[in-house]
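Asks: Please build the complex by placing chain B on the supplied structure of chain A, with the hints as guidance.
There are 2 protein chains.
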Amino acid sequence: MSQNQWPPVVNTNRLNAPQLDVPPRILLGPGPSNAHPRVLQALGMRQVGHLDPAFINLMNETQTLLRYAWQTDNQLTVPVSGTGSAAMEASLANTIEPGDVVVTGVNGYFGERLCDMAGRYGADVRRLEKAWGEVFSPDELRAALAEHRPAVLALVHAETSTGARQPLEGVAELCREAGTLLLIDSVTSLGGVPLFLDAWGVDVAYSGSQKCLSCPPGISPLTLGPRAVNKLNRRETKVPNWYLDMSMVGKYWGSERTYHHTAPINMNYAFREALRLVAEEGLEARWRRHQENAELLWAGLAELGIGCHVPREYRLPSLTTAVIPAGIDGKAVAVFLRENYNIEIAAGLGQLGGKVWRIGLMGFNSRRENVTLLLAALKEALARQ
Amino acid sequence: MSQNQWPPVVNTNRLNAPQLDVPPRILLGPGPSNAHPRVLQALGMRQVGHLDPAFINLMNETQTLLRYAWQTDNQLTVPVSGTGSAAMEASLANTIEPGDVVVTGVNGYFGERLCDMAGRYGADVRRLEKAWGEVFSPDELRAALAEHRPAVLALVHAETSTGARQPLEGVAELCREAGTLLLIDSVTSLGGVPLFLDAWGVDVAYSGSQKCLSCPPGISPLTLGPRAVNKLNRRETKVPNWYLDMSMVGKYWGSERTYHHTAPINMNYAFREALRLVAEEGLEARWRRHQENAELLWAGLAELGIGCHVPREYRLPSLTTAVIPAGIDGKAVAVFLRENYNIEIAAGLGQLGGKVWRIGLMGFNSRRENVTLLLAALKEALARQ
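Residue numbers (the working numbering), protein chains in the order written: chain A, 1 to 385; chain B, 1 to 385.
I should point out that these hints are in silico values taken from the structure, not numbers from a laboratory.
Among the hints, erroneous ones may be present.
Since the list gives no way to pick one copy over another, a pair counts as held whenever it fits inside one copy or between any two copies.
What the hints assert, rightly or not - Below, computed lysine-lysine pairings styled on BS3-like, alpha-carbon distance capped at 30 Å:
1) K331 / K130
2) K238 / K130
3) K355 / K251
4) K331 / K251
5) K331 / K238
6) K130 / K251
7) K231 / K251
8) K355 / K130
In isolation and in its complexed conformation, chain A is listed as follows (with noise of 0.2 Å):
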């Protein structure tokens, strides 16, 4: 095939794109926060190959550092190749069978996903609401497992839409009782709020990089327990997603190592770099700081007259849902911050849009100078309204 045989070349979209520049905001919403730059260091390093002896170090290293961060043993835990959406859908689409009762708590916008992201696997979804903020006591459960008898028993341990911590304490006693699996999502908790899976007996469970991680988006943890592992050996068919099959990705991240598809190679690096960082200050010590500080901007909101609109025994210190007072435009004080002060908060979402601001102190982000940055922000911004 010789070049003249080729059509001329189209200029009309060879844009002249200036170098990269972007605004140094402060991102204090729901996420991304800003990765520690100890982080972005690590994700610029040069690339080695996805089999090479040095990654598969890496690999390992990672994998561990990831069991501690989420308190499990678990064998198969892996930072999924996409965002942290990629790996809750990994964890529904290997659970669930075509006509498997899945019962969902629904009480934020991520508890409406997981219903979406199961029906699509055929599941058979039963919705368990509650208004969006709240959360579900134990008799609550109770009495959906009871009813349901599911195979799965799908919950969201931060609601980061709401800024709700869902107690797990005794749930698995409930599920194991039922014969279910217990799934979580963690997105908004892991590295931040206070989580034991394996003391919790959570079955699986699912993260994001770039909440209390402090890493970029686009690497997400995931984890099947032996019970989750073992429904999935069992399979009759194929999980119908082949880029988020364990039974295969399982096998790069296990022993054999065989290829499945190229995994992301600096974005393991800055995961990796993540995950130390949660290793050196230890969890106890990282929790202690996010709950320090989200008391810092609670009792800083309450001076100004702003409340929160979750109950402070199911606040999450890693998010905050912030009750914009009446007669205030919320949204004119987003962007006032945001052109003022470079910071990020956002908008309320669904049953919550318009009520709220939320507010995120995650990971690197949980420090005094931010809630100390944002309330003088905050305070000049109600100040001009």
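Replies: Showing chain B alone in chain A's frame:
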């Protein structure tokens, strides 16, 4: 929930891992290739939110630049938030409805993978087979289209497992007559090998970032032309893959900017920079560079008594399958190159296992200095056997 109720933190997996360090590999295998240094710089840029005006602007630039690289004006031209296999799966998940006949050209590993994936989406897969390294003739494709009248014809433009380039001129015309969508894998051609999506009438294409675009893996180009978008819009059922559902992802990348999932911010930075480099160099110059360096490699291999598996007419400049001479331990040579020269080349897969080395000269790595060094190192390795 007071801290007193928490179980103790277990420190078994609290690994004291060293600071990240990896050998300075020259990645001359089938990918990933080394990222361009400017791409690694962009990758480490501080983050903004995925709905930040600065990011929206960057998204628009990226789409335009990707259209240039692919020579298409398709509106739905986006980077998928995963590695090339995710874009591959997205191409099928969005265009296949259960029961659709899909004819797949199987003349290498990635043709096989297309069959596996398509089957998971309920396609009636018809395999069009050839020996690994060969390509399909227009007559063979015409006959297959006439026999199967498929909804989709899936062909691998650049087979990374064999180094063969499938000619595509005229194929779309055959597809139109049969009412068939033409879907191609351009993972190892985009940015390195002449490719004219619109002029050639390709309906659906996907690629990877880590080959001729010299961006790390973790983001992957996908484009759907008008006929494919029409089919997507007329679907009777939801795309059975939430993360890759282009009817939703397209709204985030389109004018609506509706949140779907958190985009991998830093990978998008890197990807934009990689595409900027393509636009700066210009496609014609870039393709010429890949061709010239490949010819230098082929001539040098011939001097060492090493032939190429693929006839010159269909040989990819980006990936060469070099035939391992009789009596030579191919694996030992690859290990020698890695351990003594930090050069990565790869083994053959499938039908070519043990028969060839796979040598990639892709993007930033398609440089004279890499060819000359590799040939010198290969010569030394052969002399030692």
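Asks: Treating 30 Å as the Cα threshold, decide for K355 and K130: within, between, both or neither.
Replies: within (17 Å within a copy, 62 Å between copies)
Asks: Check K231 against K251 for me: Cα-Cα at most 30 Å, and say if that holds within a copy, between copies, both or neither.
Replies: The answer is within: 16 Å in one copy meets 30 Å, while 35 Å across copies does not.
Asks: Should K331 paired with K238 be assigned to within, between, both, or neither, using CA atoms and 30 Å as the limit?
Replies: Neither: 46 Å inside a copy, 33 Å across copies.
Asks: Tell me, please, which holds for K355 and K251 at an alpha-carbon limit of 30 Å: within, between, both or neither?
Replies: between (47 Å within a copy, 25 Å between copies)
Asks: At most 30 Å between C-alpha atoms: does K331 with K251 qualify within a copy, between copies, both, or neither?
Replies: between (48 Å within a copy, 22 Å between copies)
Asks: Between copies, within a copy, both or neither: which fits K238 and K130 at Cα up to 30 Å?
Replies: between (34 Å within a copy, 26 Å between copies)
Asks: Between copies, within a copy, both or neither: which fits K331 and K130 at Cα up to 30 Å?
Replies: within (26 Å within a copy, 60 Å between copies)
Asks: What label fits K130 with K251 when the C-alpha limit is 30 Å: within, between, both, or neither?
Replies: between (39 Å within a copy, 29 Å between copies)
Of the numbered hints listed earlier, the single one contradicted by the structure is hint 5.
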